[in-house]
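Based on these hints, arrange chain B on the given structure of chain A.
Residue strings, one per chain:
Protein chains: 2
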Amino acid sequence: MLIRAFVPAHITAFFVPRFHDDPLKAGSLGAGVNLSKGTNVFLSVETGTLERHIHVAFNGEPVKKDEAVISHSVAEELVPMDFTGEVEIWQYFDFPNGYGFGNSAGGALGTALALSYSFGGTWLRAAQTAHRHEVINKGGLGDVIAQLAGGIEIRVKAGGPGIGLVDNLFFEDYKVLVVPLGRLSTKEVLDGDVIKAIEAEGSKALEKLLAEPKPERMMILAREFAERTGLLDGELLELARELDKVISNPSSMIMLGRGLFALLKPEEVEKARDILADLEVPFDVVDVFMGKPEVGRWVG
Amino acid sequence: MLIRAFVPAHITAFFVPRFHDDPLKAGSLGAGVNLSKGTNVFLSVETGTLERHIHVAFNGEPVKKDEAVISHSVAEELVPMDFTGEVEIWQYFDFPNGYGFGNSAGGALGTALALSYSFGGTWLRAAQTAHRHEVINKGGLGDVIAQLAGGIEIRVKAGGPGIGLVDNLFFEDYKVLVVPLGRLSTKEVLDGDVIKAIEAEGSKALEKLLAEPKPERMMILAREFAERTGLLDGELLELARELDKVISNPSSMIMLGRGLFALLKPEEVEKARDILADLEVPFDVVDVFMGKPEVGRWVG
Numbered sequence: 001m002l003i004r005a006f007v008p009a010h011i012t013a014f015f016v017p018r019f020h021d022d023p024l025k026a027g028s029l030g031a032g033v034n035l036s037k038g039t040n041v042f043l044s045v046e047t048g049t050l051e052r053h054i055h056v057a058f059n060g061e062p063v064k065k066d067e068a069v070i071s072h073s074v075a076e077e078l079v080p081m082d083f084t085g086e087v088e089i090w091q092y093f094d095f096p097n098g099y100g101f102g103n104s105a106g107g108a109l110g111t112a113l114a115l116s117y118s119f120g121g122t123w124l125r126a127a128q129t130a131h132r133h134e135v136i137n138k139g140g141l142g143d144v145i146a147q148l149a150g151g152i153e154i155r156v157k158a159g160g161p162g163i164g165l166v167d168n169l170f171f172e173d174y175k176v177l178v179v180p181l182g183r184l185s186t187k188e189v190l191d192g193d194v195i196k197a198i199e200a201e202g203s204k205a206l207e208k209l210l211a212e213p214k215p216e217r218m219m220i221l222a223r224e225f226a227e228r229t230g231l232l233d234g235e236l237l238e239l240a241r242e243l244d245k246v247i248s249n250p251s252s253m254i255m256l257g258r259g260l261f262a263l264l265k266p267e268e269v270e271k272a273r274d275i276l277a278d279l280e281v282p283f284d285v286v287d288v289f290m291g292k293p294e295v296g297r298w299v300g
Numbered sequence: 001m002l003i004r005a006f007v008p009a010h011i012t013a014f015f016v017p018r019f020h021d022d023p024l025k026a027g028s029l030g031a032g033v034n035l036s037k038g039t040n041v042f043l044s045v046e047t048g049t050l051e052r053h054i055h056v057a058f059n060g061e062p063v064k065k066d067e068a069v070i071s072h073s074v075a076e077e078l079v080p081m082d083f084t085g086e087v088e089i090w091q092y093f094d095f096p097n098g099y100g101f102g103n104s105a106g107g108a109l110g111t112a113l114a115l116s117y118s119f120g121g122t123w124l125r126a127a128q129t130a131h132r133h134e135v136i137n138k139g140g141l142g143d144v145i146a147q148l149a150g151g152i153e154i155r156v157k158a159g160g161p162g163i164g165l166v167d168n169l170f171f172e173d174y175k176v177l178v179v180p181l182g183r184l185s186t187k188e189v190l191d192g193d194v195i196k197a198i199e200a201e202g203s204k205a206l207e208k209l210l211a212e213p214k215p216e217r218m219m220i221l222a223r224e225f226a227e228r229t230g231l232l233d234g235e236l237l238e239l240a241r242e243l244d245k246v247i248s249n250p251s252s253m254i255m256l257g258r259g260l261f262a263l264l265k266p267e268e269v270e271k272a273r274d275i276l277a278d279l280e281v282p283f284d285v286v287d288v289f290m291g292k293p294e295v296g297r298w299v300g
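Respectively, the protein sequence lines represent chains A and B.
Taken in order, the first sequence gives residues 1 to 300; the numbers are from the numbering used here.
Taken in order, the second sequence gives residues 1 to 300; the numbers are from the numbering used here.
Hints were generated in silico from the structure; no laboratory data involved.
Hints should not be assumed to be uniformly reliable.
Identical copies look the same in the list; a pair holds intra-copy or inter-copy alike.
Below, in silico cross-link-like pairs of lysine-lysine (DSS-like), each with a Cα-Cα straight-line distance of 30 angstroms or less [to be verified]: (1) K245 x K157; (2) K25 x K214; (3) K271 x K245.
It should be emphasised that the depicted structure is a prediction, and the values quoted were computed from it without experimental measurement.
Next up, chain A with everything else stripped away, as it sits in the complex (with noise of 0.2 angstroms):
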């Protein structure tokens, strides 16, 4: 039997991290968007053999477990101990890996509710399992929660599934248009000195985008954010800047990768489709994923 969990791709616009020793009380405030692309998760059970063995493999490579260690937490989690058999969890990610699209949170996430779907459990008890071994080894703070929530999220409340909060915004007809240029260390700028900017800019744009919460209004706040905080300059400030002429809200950086990303009205698309491709830089338009996660047989 194979179980197939998608999980959309999400990106921040700005956030304010909150690290706690707890870590279903850990996660971040901000904002972001749920991508209809994403994370495919696909699982396969099979008993008959002597031992209880759990492999994993990302767009069809199988990887080492030092390569895979939030995975392979998870499902040292929620495949029972006195299971005997070969489980293997196939991860294929829509985005690069590193560039800022959640995948570690969309892996471990969709790993979750496809092992809990097959095994028994709860979606809280999947999401709060996925979420907990994401903050443990590093790989992200409010991913699982804003994928849960789907939609333009606020996370008004940090914390896992359960615990933290998240609110949606109302918007119209756009589509999101994702420039992937490169890898950005979340850990590396979560332990450098650029974290006090973080925390104060975030606190701000999250203050002004509840007082107005429009998408119009997050995308203003996440340059503002990205600007200040610093982590936005250079060529790449230089690209969002030739983008910005051609569309009405402005573009932001993917937090955390190097690149860029934008809401575009309908008949904003062939002008960036456009300019992107004379730029010769790549890039893809998705839509806004507007519902949960999803889990369930695969009969492809």
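Just chain B, lined up with the frame of chain A:
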């Protein structure tokens, strides 16, 4: 401009009411199912008149303010006081009012989402507004937060959106059979002597379901709850027993309406249809609604 919101019908399987002076802290514990049919709210906003007018219609028929107290209360709060124009709220219900399908909450939440989409706000504020007026006017305690969660849900912490907590069960391939036979006044049941039995049996059922969180277990516990509280008896209980002869999970009573519901495996749908047609009772077979309520511009 026409805005449409859809909110799934919600059937409660068993429950424990939790009253509180603060309506946002009032709510219920329990479990239930969200359906692919429910309440559609169409909102039309026209400016150009000199006064602020709010009109509500049920199934195409305009209703007076005192027949739609909850919807009017929600609208009074969410339509800005300085707005001048005509606000028309057209609510269409797939199931009859008062039969235990959460129509009251569906109308309140659909109205709140459509008005917030149109006039500004966030999902959480809209949902809290709907919940507050539901509680104040005794429309219901747990429907709004259950409808926001979708799927087969367990209310594990009582309270409105942002305060209460809802978990979801994993399940495969179930259809939902509903047999709507008549009204039952939530208010009369909650004000009566049966409330003590409801609290005792509902708490036990929740504890047992959390120990074995599966939809099959939920139906067994729902039936025990319905019989032990004395709410399910007489002809309705006889009908449930007839139905049980052709399906594998026990049917149970819609809380609170004069009606039954059951989870059907795909191969059981025909047998259930046949027996109910023979018995000449009204019924419908629908899907579990997995997503979040929907709101957007209507271009039907």
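Let me make sure I understand: some of the numbered hints might not hold for this structure. Which ones are they, in numerical order? Violated: hint 1 alone.
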